[in-house]
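Visitor: Each residue of the sequence shown is one higher than the last, beginning at 57 in the numbering used here.
Derived by calculation from the structure, the hints in this document are not laboratory data. Certain hints may be false.
[Said to hold, decoys possible] Estimated spans, in silico, between C-beta atoms of each pair: (1) 70 <-> 92: 26 to 34 Å; (2) 63 <-> 97: 48 to 56 Å; (3) 82 <-> 120: 52 to 60 Å.
For every residue, glycine included, the Cβ atom is placed at its ideal position computed from N, Cα and C.
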Amino acid sequence: MMKVVNYISEAFEELKTNVTWPEWAEVQRLTIVVAVFSVLCSLATWGVDQGFTKLLSAFFSAVK
57 MMKVVNYISE AFEELKTNVT WPEWAEVQRL TIVVAVFSVL CSLATWGVDQ GFTKLLSAFF
117 SAVK
């Protein structure tokens, strides 16, 4: 158990001393970039899904 406590303590010390944290403005800017990219990927996935739905509906209507 002492090894786990020591590991966690060293990890927090590493985060405080050796990690370069970004400025708040950069965090906000990158968050917006990620949000926009996520929305665009979601819309692209939805569009492909709708396209395949229509394509398969047309195919099965033709087969029927």
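Visitor: Tell me, which hint numbers fail for this structure?
Guide: Violated hint (a single one): 2; every other hint is consistent with the structure.
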